[in-house]
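Student: Using the hints, position chains B and C against chain A.
Those sequence lines, one after another, are chains A, B and C. Here the first sequence is numbered in numbering that gives the first Met the number 0, starting from 0 and rising by one per residue. Here the second sequence is numbered in numbering that gives the first Met the number 0, starting from 0 and rising by one per residue. Here the third sequence is numbered in numbering that gives the first Met the number 0, starting from 0 and rising by one per residue.
None of the hints are false.
Simulated crosslink set (BS3-like; lysine-lysine; CA at most 30 Å straight-line):
1. B/Lys270 with C/Lys487
2. C/Lys477 with B/Lys270
3. B/Lys262 with C/Lys479
By construction, these hints were calculated from the structure, which means they are not laboratory data. This one's a predicted model, so the numbers in the text were calculated from it and none came from an experiment.
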Amino acid sequence: MSRIAMKVNGADITKDVADPTLLSEFLREHLGLTGTHVGCDTTQCGCCVVHLDGVSVKSCTVLVGQAAGHAVTTIEGLAEGGQLHPVQKAFRECHGLQCGFCTPGMIMAATELIATYPGTLNEHVVREEMEGNLCRCTGYHNIVRAILTAAEEMLGPDRVVQPASDHAKTEG
Amino acid sequence: MYPLVYHRPKTLAEAKELFGAGADATFLSGGHTLLPTMKQRLAAPSDVIDLTAIPEMRGIAVEARLLKIGAATTHAEVAESKIVRDAIPVLAGLAGSIGDRHVRHRGTIGGSTANNDPAADYPSAVLALGATIVTDRRRIAADDFFTGLYQTLREPGEIVTRIEFPIPDSACYAKFRSPASRYSIVGVFVARTGKNVRVAVTGAGASGVFRPAEFEAALSADFRPEAVAHCSVDPDSLLNDLNATGEYRAHLIRVLAGRAVAKPGALQSFK
Amino acid sequence: MLASLWNLVDHNTKDQFAPLQERIKLSLPPQKFKSVGKPVRRNEDERLITGRGRFTDDFSLPGQVFAVMVRSPHPHATIKGIDVSAALEMDGVLGVYTGADLAADGLGQIAHNPVPSTKYDVKLTGRGGTPVYIGEHYLLPMDRVRHVGEAVAMVVAETRQQAQAGAEAVMVDYDPLPWVADTTAATAPDAPRLWDALPDNVLVDSIFGDVKNTDTAFAGAAHVVSMRTHLGRVTGVPLEPRAALGDYDAKTGRYTLYAGSGGAVRQKHEMSSVLGVTPDKMRVISFDVGGNFGTRNRAFIEFGLVVWAAKKLGRPVKFRADRSESFLTDYQGRDLVTEVSLAIDANGKFLALRAHNLSNVGARCVSLSPLSKGSGLITGSYDIPYATLHSRAVYSNTMSTQAYRSSGRPEVTFAIERLIDKAARELGYDRIALRRRNLVKPSQMPYTNAVGSKYDSGEYEKNMDRLLEIGDFAGAKKRKEEAKARGKLLGIGFANYVESSIGTPKERADLIVRPGGVEVVIGTQPAGQGHETSFAQVTADLLGIAFEKVKITLGDTDVVSAGGGTHSGRSMRHASAVISLAVTDMIAKGKAIMAASLNIDPASVEFDDGCFRSTASNRTIDWFDLARLAIALSPDHADGVKVRRDNEMHTPVFPNGSCMCEIEIDPQTGGLELLRYATVDDVGRCINPMIVHGQTHGGIAQGVGQALWEGCVIDPESGQPLAAAFTDYGMPRFDNMPSFVTEIAEVISPTNPLGVKAGGEGGTTPAPAVIMSAIEDALLDYGPPDVSMPATPLKIWTAIHKGKSA
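Chain A extracted, bound-state conformation (with noise of 0.2 Å):
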């Protein structure tokens, strides 16, 4: 058992936990934020991506002691004075999840990738860089858009190329 403190989506706080606990763990059942989701044992599929100091990292591959010290932001402070991150809205407005489960790993992800990538972002990019998350339900195709029309929100036209146009009728 240590005495854990860290900085989690802004607020300063100390616990004791059992030295074995994994960052999800602690940040699920000691903290209550549910949104950060454990979908494998094997670092594989990405449902539990958060930041640490800005890093995107797999938090079921970190104890909660080499977080220690750290700050950490997770799907549920990612909402800045109740104001939907860009990378928020444009999963919703391009349908970039269905079932939602590996969405909050995912947004976390797409943040990380577009406040940290020095180039252009583009298909091609987008689906190299997030090759560590794994999802069942959208096929990505929804995903690389939202994350590329986020881009643009968040990074200008001029550092973003999108995609062609895929279907005739999904405007109505």
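Tutor: This is chains B and C only, laid out in the frame that chain A set:
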């Protein structure tokens, strides 16, 4: 996960002391091999000693034609390092091709090298570049360091602190990824310094990373893709699993060696 | 009056289609729909994008404890004894339970009702018309284990770690038995037997179709082309691992089960029957469900175990599967072997088809839907006058199979479409022209196929032509040459499909109009399909109110009293039908309320465009005013004006479409890149195109996954499953999938009020066929390719390598 005590020492001395005091202690760097193993209850260390807060485990520098990378440097840091890109560009490319983005933010060069997973990318670079593995107590040549599947010359309690890579004239890496695990089924790293060519193959060897002698001889004599067209590795010495037989891996070693040589300095990842 | 018409039409098999739409008058004609047909953004999303979803494992109850299963390492073994004493001594362990403990408490089996029984399902039987032998399925077996991963005991402890340690301490004395996992091998006379009461492992053995005329057609045919196909074993991999939280209230004697599924009402009945209590003693809560795809449509043993143990221990009990447990013990899919032959005349006209289908149900039979569904569709989109089908199902020492996304249809689509490609190749026909020659024509609709399935509507050739246009089939030849110049092999895959959507025939809707808005309570159970949005669109239009005013309530059996759940593409069709009927009832009720409230003649009240108008007083009120009037009128309406409507609808619909893809193979490595993927899908009336396109995308990925990467492989030496993690089980990922070009065709179905077919499974149905068709096209220069699914780089390289050396 079994019960454990987590430690984050600030000095090497403290880390060594903690290791000595633990009943069955283990070191933790990025944790991206160790923690999944522990979660599956396949490892049950009494003490986990996190090495990432120790200053001498960090840093990237070039000194005397040697690229020195602290063991706790993450794959992402290596991939983005201008120093690495200038010194050995393909090493940055290789680091940027490991696992996925989030894994690269945590996994470290020291952890990957010390673990010697047969499918890991780094051991091929360490071996082909003839790097030196620096530990808290000695310097070990790459040729001696990797001793078998998940086996190295590292002794219990010995801490890999940095890797020193001699800077070659050119180096290149080509790999083919498993459709499921995304690890390399075969990765071929080729390094040339003067007339001397060293080749190391990861992902394929039944005993882990290895140097295919025939390929090195052929490329030392004639550094062109065509030179390896008739080189071979015994399929029986290679791993054989669901996604790749020994025969297929042997074939891929030849193809990827040729492709690597065709693009000096480049990282090529196929799937 | 509507109800009787409905029943008359729907149950009259002689004349089931044509009159229906004419006789069911919707409260608003489709051409006036405002919300239906629009890509309305989803009501579900706000909670899901902000981390406020309500998935099963997100629920925690005070004092909850944790359950871990002890699972069999053997594919087949007698359980000689289970020693729980060491486990009981472990720290934190509260209880260790075996099948004997359950039997002592009189727990029953899970009644899966695996034999499809709607009027339009083909009738599967055992050999010689005997009943299908269904082996038992208790929560924990007492006699033997029949597959690797089968649970034999449950440990409950204060923490999950303590329960895991306890599970490792349970000593099970197994006596290993011979085993069989392979589908065909399981039918061999000397194969190890799963069930003592079944003389061999074959539980279904039925013949359909016209044997005499089929034989005659084959005897006289100019050509006969045959092949054997196997769509292998895969698993659904919903990203939310299955989970269950059980609670028991000693005061009320009621159990509560939190468990994501495909239908809480079904689980409520199944679990109350297992526990031997009346259904009112069981509440099931299933809010957000992290993917289903069929895997969650049969009850898992853990569901019963956690509620039972909750009563036993007086503490809530939680279970959550690890991913490896999910890989081993989620209900799996496919695994159907087909031997199929096609008789063709000298002009390329199909004359007759003969097929033998063999379905591997695994160790326990939980569903025969995959076999049944496929059996009705073996002739595909083609006019083939005669067919015979021999349908069999077999037990094996593997996890049970269940209807997995588009159950049975990818299997038969694969058989007919790959066979047509083969026929075209061997007989020298253009593969498109050969299809065109034989497609069922719109003028033949409704079309009864050779095994009795009645296709409702569709324009199959038009789909195909439109697809060839949007997929730029004409440009493929040039792209092929360009690829060749780059040392790559480009292949074009093509397939048509028709599938059936049947599903549980009954559905219920409670429609409640309140001053602040309208609520619809319905018994479907989405796992990402957007029911809270599309059902609200339908309700809003039919009532004539704003979409934002409608709230859809799902998933808590204390609120949802009845309903058929979500499977087989049934939800939109059944929901729109029952909502249409409920709205009609509600309009009648509204007229009566207005009349009573204003003391006027009910006949003088008219309803149009969301408003009631009294022709006598010229007063107009909307739905929300009506609710206010009603509340003032009678305490019966204190919680709003309510209508409860049940509907029973058996007639199936037949979504259909065409699909093509383009792949490029690196012949030196066997690596494959999927470059283009295009579909045209006739889903009937499309309520929300954004959602339907999304369904198509996801469906494509799952079908492509089966063709290229996914497989629940079992080691032939040991019987051990080799794919128990994402490191072994290849998945569709961002970087191995292309963007899609998908188009919706709306050929209205005459079988239901809104003309809905289904949109959830069409993406999957043709995908394995179209991918393998493309691989074959790419490898034609290397001789007849022999690549099985999943077509991994190793297999492709091996085919090229063999072709070269041959």
